Every structure is written in C-alpha cells, then in structure tokens.
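Visitor: First to last, the protein sequences are chains A and B. At position 157 of the first sequence the residue is numbered 360 (this note's numbering), and the sequence of numbers has no breaks. At position 37 of the second sequence the residue is numbered 141 (this note's numbering), and the sequence of numbers has no breaks.
Calculated directly from the structure, the hints in this document are not laboratory data. Just so you know, these numbers come straight off a predicted model, no measurement behind them. There may be inaccurate statements among the hints.
[Said to hold, decoys possible] Across the chosen pairs, the derived CB separations fall in these ranges:
hint : chain 1 : residue 1 : chain 2 : residue 2 : range
1    : B       : Arg249    : A       : Gly452    : 44 to 54 Å
2    : A       : Leu416    : B       : Phe322    : 22 to 32 Å
3    : B       : Pro213    : A       : Leu415    : 28 to 38 Å
4    : B       : Thr183    : A       : Val365    : 47 to 57 Å
5    : A       : Ile232    : B       : Lys254    : 29 to 39 Å
6    : B       : Arg249    : A       : Thr256    : 53 to 63 Å
[Stated by the list, open to error] With a Cα cut of at most 35 Å, we get these calculated DSBU-like pairs of lysine-lysine:
hint : chain 1 : residue 1 : chain 2 : residue 2
7    : B       : Lys281    : A       : Lys213
8    : B       : Lys277    : B       : Lys257
9    : B       : Lys281    : B       : Lys340
10   : B       : Lys197    : B       : Lys277
11   : A       : Lys325    : A       : Lys243
12   : B       : Lys277    : A       : Lys213
13   : B       : Lys281    : B       : Lys254
14   : B       : Lys257    : A       : Lys213
15   : B       : Lys340    : B       : Lys257
16   : B       : Lys257    : B       : Lys197
17   : A       : Lys213    : B       : Lys254
18   : B       : Lys197    : B       : Lys281
Ideal placement from N, C-alpha and C gives every residue a C-beta, glycine not left out.
In case you want the letters, here they are:
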Amino acid sequence: MTVQWWCSAKGLPWRWHWQAYPGVWIVVIALAAVYARWSKPLEAGARTHAVSTGRRIGGWVAVVLVWLTLDWPGGPLGTGYLASVHAAQFLVLAMVAPPLLLRGIDPDRVRALFERNGFAAKIIRAVTKPLLIMIVFTIVMLATHTPGTVDLLMRSQLGAFVLDSAWFLSGLAFWWPIAIDLPVREHFGPPMRMLYLFAGTQAHLYLAMWLLLADLPVYGIYELAPRVTGLSALEDQQVAGGLLLTLGGTYVLAVISVVFFRWFAEPQPER
Amino acid sequence: MITQSSSVAALGERGAAREPCARRYLSIVLRPSRTRLAIALAFAGGLVALPGCGVSAEGGGRAYRGAVLAHPIPRPSFTLTDTHGQPFDFRAKTDSTVTLLFFGYLNCPDVCPVHMTNIASVLRTMPYDVTRMVRVVFVTTDPERDTPEKLQKWLADFDPTFIGLRGTPEQVKAIEKSVGVAPAVAGAADSSGNYEVGHAAQVIAFTPDDSAHVVYPFGTRQADWVHDLPLLAQVK
Chain A
204 MTVQWWCSAK
214 GLPWRWHWQA
224 YPGVWIVVIA
234 LAAVYARWSK
244 PLEAGARTHA
254 VSTGRRIGGW
264 VAVVLVWLTL
274 DWPGGPLGTG
284 YLASVHAAQF
294 LVLAMVAPPL
304 LLRGIDPDRV
314 RALFERNGFA
324 AKIIRAVTKP
334 LLIMIVFTIV
344 MLATHTPGTV
354 DLLMRSQLGA
364 FVLDSAWFLS
374 GLAFWWPIAI
384 DLPVREHFGP
394 PMRMLYLFAG
404 TQAHLYLAMW
414 LLLADLPVYG
424 IYELAPRVTG
434 LSALEDQQVA
444 GGLLLTLGGT
454 YVLAVISVVF
464 FRWFAEPQPE
474 R
Chain B
105 MITQSSSVAA
115 LGERGAAREP
125 CARRYLSIVL
135 RPSRTRLAIA
145 LAFAGGLVAL
155 PGCGVSAEGG
165 GRAYRGAVLA
175 HPIPRPSFTL
185 TDTHGQPFDF
195 RAKTDSTVTL
205 LFFGYLNCPD
215 VCPVHMTNIA
225 SVLRTMPYDV
235 TRMVRVVFVT
245 TDPERDTPEK
255 LQKWLADFDP
265 TFIGLRGTPE
275 QVKAIEKSVG
285 VAPAVAGAAD
295 SSGNYEVGHA
305 AQVIAFTPDD
315 SAHVVYPFGT
325 RQADWVHDLP
335 LLAQVK
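Same shape as in the complex, but just chain A (with noise of 0.2 Å):
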C-alpha cells in the first residue's frame, strides 16, 4: 500500500485498491474542528442557535463532500484521470461546500469578530470585498483550468493541494458576501448580489463551452492517463464541460432565483 498524503497524477493504471491520504484527514479534520466552533453559539451555555438545525447540517454536509471529494476514490480520480471528476471537484470545493459552510456559521461570532476588529477582522474585510474577489475568483478559476496549470499542478502533491486549496480559499471569499451579511456593505443589496453572482461565474460558463466543444482533449494528464473507464479522453472532457454548464449553471440559476425571491417577498419600506 502506498501512503501519499495528497494526491496526485501517477500515471500508473487506475486500481480500485485503497490507498491512504492523510493530509487530507488532516485538512478535513481541521475544517471539521474550525465549523463545530464556529457554529456553536457564541454565549456558553446557550440553548438556542441563531442559525436553524437545516443551516448547519449544512455545513456538516459540506465537510463530507469535501472529504469524499479528496480522499480516495473521488481525489486520484481527478487527479490524475478523469476530467469529468476534477470538473466536479471544482463544483463542490469552490461552488457548493463554502456557502453551505458560511451559512451555518453563528452569525454572533461573526458580528463579535468584526466587532473586535482584529487581524483576522481586517483580512476577512480585506478579501471579501465583492469586486475585488469577483476578479479575483474570475482570475483563479481560468487560472486554474488553463492547460497548462493543469498539467503543471497535477504532477506532484503540493501543487494539487495548491489548487484544491485555492478553488476552496476563493470559493470562500467569493461566497462570504452573499451567504453573510457582515460587514454591512449597504450598496451590497440583493440587485448587486443577483449581479456579482451572474457575473463572477461567467467565467465558469465560458470554461464548460470550451470544454464541450473542443475538437481534442485540452489536458495532458487527463489525455495521456491509463483510462478507467469506456469513454475517450475527449467524450470525458466533454462531461465535465456538461457538468460544468448543466449542474455548475443551474445551481448559480438557482441561488440567484432564491436571492431574487426573497428579495421580493421582502416588505417594501413606505415612503
């Protein structure tokens, strides 16, 4: 058994044989630890939770996504063999998990901290402002699906946890304005997030046509890999360009929908 404690691309033929990662326990285990306290309440003791039981299964169900999608099997497979994986690891480390995880934070610890207004205040205010990190979370996602990065990252360990890592790190940022409401950014109403969400995943949008169109397989890892299963290195890409345009788009259609509605629904202040 071999132990790497990420995964990467081995190029050796794909084997249901189990192997171990411990980094990633580690990093789960960590992200674990970091949400049972942030979604306690702040005052010890509390009974009541500021944020509802669905809001913080949530984030529990978002530390097992992120768990299954790099531990064995989800995390060598794309890694290092399927695009069609590595496009849906992206959807759950970068889309799903971090506003699962944002929305079950106490939003008491978060006003306490800003209140505070320490290091970690001022970063958070730092790199959650949403035109900033609506470039930056454009930049990484085309930075990361470029050939090249790919092809680069996926080689070795450490540059596969560089990218997991920043589709998570940004993924955060880019969710933080709309999953919590601190800091108040009064300009940031429900028609500016509408519009920060359409235009901050376009990117990902542009990323999946290419994908599905391409007339030959864009990465090298994933085109010259021992193949696992029926499909050709180019029917897999044109997968994860489908699951990237299909789930990757409904999913933003669908917050964006339920940002709008709870929007109109709201009570309109009377003049």
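With chain A fixed as given, assemble chain B onto it according to the hints.
Guide: Only chain B this time, still in chain A's reference frame:
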C-alpha cells in the same frame, strides 16, 4: 544578469529590511484605490492571456512535433502473420504510405492503449486525403497471449483498419533491432500467471519516401498527431 533565484533572494532581503510581507500585503489591500484596481485588472488580463503565450516556436516549413531522428531509418523488409493468418509483407504492403509502426501487447495497462486511442481518435477527424495515406501496424511483443482473434478484436475497438501482426519472439526481436528500438522483455509472472512486457514506447513513422524521419514517444498528444500527420503524408 540577475538569475531567478538570486532575484527572489534579493526580493526577500528587501522585504525583510522594510516590514513583514503580511503587513505589506494588508497595507495594499486594506486601502482601496483606483490605481490598485487598475493594477488588479491588468494582472487579471495578463493571467488570462498567459496560455496564449505558451505556443511552441516553430521555424515554419516542416517542423514536426515528434522527435526528429538524426539518421532516418529505412523502411524494413519483413514478413509476419496478420490476424487472418495470412503472411503480411510489411515493405510491399505499406510501400509509399505513412506507416505508423508500434511494438506492444494487449495486456499493456498504459502506453499501448493510449497511443492507439490517440491515433485512432485523430484519424477519425482527419481529411480523407491524409487518412488514405496512413497505415497503422501493431506488432505484438507477447504472441503467446495475444492470439490472432484477441489481437483483431482489440485493434478493431480502436479502428478496424489497424493491422495486427504476430511472429515468433526471435522474428520480432530482429525487426525491433532493424528499426533501432530496444527489444521487448517479458517480466516475471505473478502468482496468477500474469506478467508485464517491457517494450519500446515510441511509434515509428515511416513516410512515403520509405524512411522514418520522426518517432513519437509516449506523451505524444492528439494535437501533435493532428499537426504532424498531414506533414508526414506530404514527404516525397
């Protein structure tokens, strides 16, 4: 000239002389300004444009993506048995064509199926003027397990026009030697009787002038074949 490593070291020294990196970063991002936004946008544009800068430099004319040989290999003369049990005279039957010759075996877990898949996928997209010129010849290095029926079925799954040839190990070794590739070596069998065969990983491309000027090692992409096959077909 400052090398990359020395410039990085120099940057580190300058940074240390002033203030910690984290604080400097914060001082940049915490204070908004239009200049910084413009820099961020320019940086974003640069990153997006980066992939376009990675195009390989071609000198124009006949620049192959495969590995060009210093000394061309003449098209060899040999006769092996095809998957129908008929003798196949390689030189006579592939004369004046682009012939992609490869030595491999059906149980190969990686190199053989990837090469065959990539060539077959590309041939499906190429114009008839090119594909009519191309022959793909697969010589098995494991004739014991690769029966004619299995060989035919395996190749037909990629492309029914691919030609499978079998011979004795001695015959195959002699051919491998004649085209300058390392002879295949069977590994030790495991407890269930399975074994791997070490074999040359390159596809040798013979052109209509009856010589091989280029070989394609493992790692050759479909885009490389799309680029090179029309060029190979034009060689007179």
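Visitor: For each hint, tell me whether it holds in the structure or not.
Guide: Here's how the hints hold up against the structure:
Evaluation of the 44 to 54 Å hint for B/Arg249 and A/Gly452 yields a pass: the beta carbon distance comes to about 48 Å. Remark: the range hint 22 to 32 Å for A/Leu416 to B/Phe322 is upheld by a beta-carbon distance near 28 Å. One distance hint, 28 to 38 Å for the beta-carbon pair B/Pro213 and A/Leu415, holds here, with the actual separation near 29 Å. Taking the beta carbon of each, B/Thr183 and A/Val365 are about 55 Å apart, inside 47 to 57 Å as hinted.
Hint check: A/Ile232 to B/Lys254, Cβ distance near 48 Å, so the stated range 29 to 39 Å is violated. In this structure the hint that B/Arg249 and A/Thr256 lie 53 to 63 Å apart at CB holds, the actual value being about 60 Å. Under the criterion of a C-alpha separation no larger than 35 Å, the hint pairing B/Lys281 with A/Lys213 is consistent with the structure, at around 31 Å. Restraint check: the Cα-Cα separation between B/Lys277 and B/Lys257 comes to about 24 Å, which is no more than 35 Å; the hinted pair holds.
In summary, the hint linking B/Lys281 to B/Lys340 is supported, as the alpha carbons are separated by about 26 Å, within the 35 Å threshold. Using a Cα cut-off of 35 Å, the hinted pair B/Lys197 and B/Lys277 holds, with the two alpha carbons roughly 21 Å apart. Simply put, A/Lys325 and A/Lys243 have alpha-carbon atoms about 23 Å apart, close enough for the 35 Å limit, and the pair holds. A C-alpha spacing of about 30 Å is found between B/Lys277 and A/Lys213, which places the hinted pair at or below 35 Å, so the restraint holds.
The straight-line distance between the Cα atoms of B/Lys281 and B/Lys254 is roughly 26 Å, inside the 35 Å bound, and the hint therefore holds. This hinted pair checks out: B/Lys257 and A/Lys213 have alpha carbons roughly 29 Å apart, not beyond 35 Å. As the CA atoms of B/Lys340 and B/Lys257 are separated by approximately 34 Å, the hinted pair is consistent with the 35 Å bound. Taken as a hint, the B/Lys257 and B/Lys197 pair is honoured in the structure, with Cα atoms around 21 Å apart against an allowance of 35 Å.
For the suggested pair A/Lys213 and B/Lys254, the alpha carbons sit about 29 Å apart, so the restraint of at most 35 Å is met. For the proposed pair B/Lys197 and B/Lys281, the alpha carbon gap of about 21 Å is at most 35 Å, so the pair holds.
Of the numbered hints stated above, the single one contradicted by the structure is hint 5.
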